[in-house]
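Undergrad: Sequence order for the protein chains is A and B. So the first sequence is residues 1061 to 1175, counted in the numbering used here. So the second sequence is residues 493 to 604, counted in the numbering used here.
Heads up, a few of these hints could be off.
[As the list claims (entries may be wrong)] One side only, chain A facing chain B, incomplete, derived with CB under 8 Å: (1) Leu1071; (2) Thr1091; (3) Asp1098; (4) Lys1101; (5) Leu1103; (6) Ser1108; (7) Ile1115; (8) Ile1116; (9) Phe1150; (10) Gln1155; (11) Thr1159; (12) Leu1164; (13) Phe1166; (14) Gly1167; (15) Glu1168; (16) Gly1169.
Derived from the structure by calculation, the hints contain no laboratory data. Backbone N, C-alpha and C define an ideal beta-carbon position, used for all residues, glycine too.
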Amino acid sequence: DTAVSQTPKYLVTQMGNDKSIKCEQNLGHDTMYWYKQDSKKFLKIMFSYNNKELIINETVPNRFSPKSPDKAHLNLHINSLELGDSAVYFCASSQGTPTNTGELFFGEGSRLTVL
Amino acid sequence: LAKTTQPISMDSYEGQEVNITCSHNNIATNDYITWYQQFPSQGPRFIIQGYKTKVTNEVASLFIPADRKSSTLSLPRVSLSDTAVYYCLVGGGGSTLGRLYFGRGTQLTVWP
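Between the sequences and the hints, there should be enough to build the whole structure, so can you do that?
TA: This is the structure:
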């Protein structure tokens, strides 16, 4: 079974549309993340949730809204898509300790192309 | 946040040992040093983590000097399948709990 799964794997859409990417982890981890990897392969953290609560928001535009219905799921909704949103979005999870984030387990990524 | 600096690219041949060094001059007391590997069209994968001295697992070793201002990932006897991007991360503890920032990474290419 896949530990961290994301859907869809590929997403092509027009500017101005709204789209969502779903993520599920079956590792029983408390913390989930969204990362964005741009065309230059720079991987940047966007959000982090711990037990359904937002703990990190790295100055991401308000058009991006994460939602965590339970600790196994973290979805990413993007409104009014722009060309610059084209990237690969990775979901990840971890089960750290109070002093160590621990190992991140990443999904396979969702490649978003905005035309 | 501790910034990391690592070579943009490295080349090696099959069977050789590869050492990738990462500089992190302003590492904080609570920061851990973690390395990830990423293949094309895949998410990063954890390789190894350390705090000080030397850590070894089944795939790599991590050498951290006493001042912790740098670290070296050592891959013994690389194969073609080790061609990937390797990221050095510093953080994940104390005030950076949950915050793991990836740098540009090092593109390692292994040749036959």
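Undergrad: Take the hints in turn and mark each one as holding or not.
TA: Verification of the hints:
Interface hint status for leucine 1071/A: violated, as the beta-carbon distance to the closest one in chain B is roughly 15 Å, over 8 Å. At a threshold of 8 Å, the smallest CB-CB gap from threonine 1091/A to chain B is about 6 Å, leaving the interface hint in force. Hint status for aspartate 1098/A relative to chain B: violated, with the closest Cβ pair at about 11 Å, above 8 Å. Checking lysine 1101/A against chain B: minimum C-beta separation of about 7 Å stays under 8 Å; hint holds.
The beta carbon of leucine 1103/A is positioned within 8 Å of a beta carbon in chain B (closest approach about 4 Å), and the interface hint is therefore held. A cut of 8 Å between beta carbons decides the hint on serine 1108/A: the least distance to chain B is about 5 Å, and the hint holds. Against a cut-off of 8 Å between C-beta atoms, the interface hint on isoleucine 1115/A holds, since the closest Cβ of chain B lies about 6 Å away. Interface hint at isoleucine 1116/A: satisfied, since its Cβ lies 6 Å from the closest Cβ of chain B, which is below the 8 Å cut-off.
For phenylalanine 1150/A, the suggested interface contact is upheld, since its CB lies about 5 Å from the closest CB of chain B, less than 8 Å. For glutamine 1155/A, the shortest C-beta to C-beta distance to chain B is roughly 12 Å, which exceeds 8 Å, and the interface hint is violated. Hint status for threonine 1159/A: holds, given a least beta-carbon distance of 5 Å to chain B, under 8 Å. Because the closest C-beta pair between leucine 1164/A and chain B is about 6 Å apart, less than 8 Å, the hint holds.
With 8 Å as the threshold, the beta carbon of phenylalanine 1166/A comes within range of chain B, its nearest partner Cβ sitting at about 3 Å, so the hint holds. Contact between glycine 1167/A and chain B, as hinted, is supported at the beta carbon level, the nearest pair being about 6 Å apart and thus within 8 Å. A cut of 8 Å between beta carbons decides the hint on glutamate 1168/A: the least distance to chain B is about 6 Å, and the hint holds. For glycine 1169/A, the interface hint holds, the least distance from its beta-carbon to any beta-carbon of chain B being 6 Å, beneath 8 Å.
Checked against the numbered hints given earlier, this structure breaks hints 1, 3 and 10; the rest are met.
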